[in-house]
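As given, the protein sequences belong to chains A and B, one line each in that order. Take the first sequence: its letter number 95 is residue 95 in UniProt numbering, and every next letter is one higher. Take the second sequence: its letter number 116 is residue 116 in UniProt numbering, and every next letter is one higher.
Treat the hints as calculated values from the structure; they're not laboratory data. If you're wondering where the values come from, they're calculated on a predicted model, not measured in any experiment. Virtual Cβ for every residue (Gly too), placed ideally from N, Cα, C. It is possible that some hints are incorrect.
[Unchecked claim] Covered stretches of chain A, as calculated for chain B (at least 3 residues, CB under 8 Å):
1. 49 to 56
2. 77 to 91
3. 95 to 108
4. 122 to 135
[To be verified] Derived SDA-like pairs (lysine to any residue); straight-line CA-CA distance at most 25 Å:
5. B:LYS142 with B:ASP61
6. A:LYS62 with B:GLY50
7. A:LYS62 with B:TRP149
8. B:LYS62 with B:PRO85
9. A:LYS62 with B:TRP81
10. B:LYS62 with A:PRO118
Now for the letters of each chain:
There are 2 protein chains.
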Amino acid sequence: MNRAVLIVSVIAITLLIACNNNKNQENMNEQNNNSLYPKGDKLSNEWFSGNAFLTPLIVKDKNNEFSAGSVTFEPGARTNWHTHPKGQVLLVIEGNGFYQEKGKSAQPIKKGDVINIPENTEHWHGATATTKMVHIAITNYKDDEQVTWLQAVTDDEFTEANKTTN
Amino acid sequence: MNRAVLIVSVIAITLLIACNNNKNQENMNEQNNNSLYPKGDKLSNEWFSGNAFLTPLIVKDKNNEFSAGSVTFEPGARTNWHTHPKGQVLLVIEGNGFYQEKGKSAQPIKKGDVINIPENTEHWHGATATTKMVHIAITNYKDDEQVTWLQAVTDDEFTEANKTTN
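Bound-form chain A, shown alone (with noise of 0.2 Å):
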């Protein structure tokens, strides 16, 4: 008796470690093959706060009045407050994060959000304090200029941030 029920047993538990097993594997696969872009080079503290990256996709050429690029930032990490002279379009693609106007609460954003961001208004975007946020960034050249950085996020400006659920 106690032979075949240790038999059963260490077959039974065999399997079951087999089934976890494949489907860890399969979860880090998926996470593998979620990501659209290789994350890319590590932007400037002088421009973010946190660690954020950059795969650039497109360059501005005779066709292509923007640049378009990927940019990951990872949890606590966001852009410097700027302005763009001739707007933006943030593609979210992976994740949470915030995107905040100057003077207004900020919006949490996730995959799928398109965000058109206007000229000349003074915002930020990043990660949650807790989550990793992927976007795609297609920035608009007015001329030969894109962007205008200002200030960084300050900690309780982020903290305040991070207080919006809805």
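Given the coordinates of chain A, work out where chain B should sit on it, guided by the hints.
Chain B only, in chain A's frame:
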């Protein structure tokens, strides 16, 4: 002995079924979560062969001299041959398909690829015969024009493209 073996076996089988169901449910959730945008509305067979769909993302405005949308091609679906007066950028976000310029071999395209299509170049893009493809299209305007539609991609042309493997 028989009862103990039976009980252990029933418990083991129950746990295995639970593990497998949980894995299947996660896979289903993952497939639903994988699409960045809803499929949208079916595109006219005047300009597309097969089943293609559009979710608009950005309309041309005072800053954005382009429109952008997410286009889903079911297996076998493709655009007609066409040109753009000021080019177009494709960001492939899901699946596998083809891009072909007149007089050149079809180029396989896949999730993560960026295609910068020149102005006034006859071309088509779509899914493969067996796999769907989804891309964001950023289509520049020249004055009020952004596309000139031509004839459909014939079945022979599409079959020829699908022979391309590299």
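Tested hints:
Coverage of the stretch 49 to 56 of chain A by chain B is violated [criterion: at least 3 residues with CB-CB distance below 8 Å; count 0]. Only residues whose beta carbon comes within less than 8 Å of a beta carbon in chain B count, and the stretch 77 to 91 of chain A has 4; three or more means the coverage holds. Counting residues of the stretch 95 to 108 of chain A whose CB falls under 8 Å from any CB of chain B gives 0; the rule of at least 3 is not met. Counting residues of the stretch 122 to 135 of chain A whose C-beta lies closer than 8 Å to any C-beta of chain B gives 0; at least three are required, and the coverage claim is violated.
Between the alpha carbons of LYS142 of chain B and ASP61 of chain B the distance comes to roughly 13 Å, so the proposed pair stays at or under 25 Å and holds. Proposed proximity of LYS62 of chain A and GLY50 of chain B is contradicted: the alpha carbons are some 33 Å apart, above 25 Å. Between LYS62 of chain A and TRP149 of chain B, the direct Cα distance comes to roughly 22 Å. Compliance with the 25 Å bound is thereby established for this hinted pair. Between LYS62 of chain B and PRO85 of chain B, the direct Cα distance comes to roughly 19 Å. Compliance with the 25 Å bound is thereby established for this hinted pair.
In summary, the hint linking LYS62 of chain A to TRP81 of chain B is supported, as the alpha carbons are separated by about 23 Å, within the 25 Å threshold. Annotation: proposed proximity of LYS62 of chain B to PRO118 of chain A holds, straight-line Cα distance about 9 Å (limit 25 Å).
In this structure, the earlier hints numbered 1, 3, 4, 6 are contradicted, and the remaining ones agree with it.
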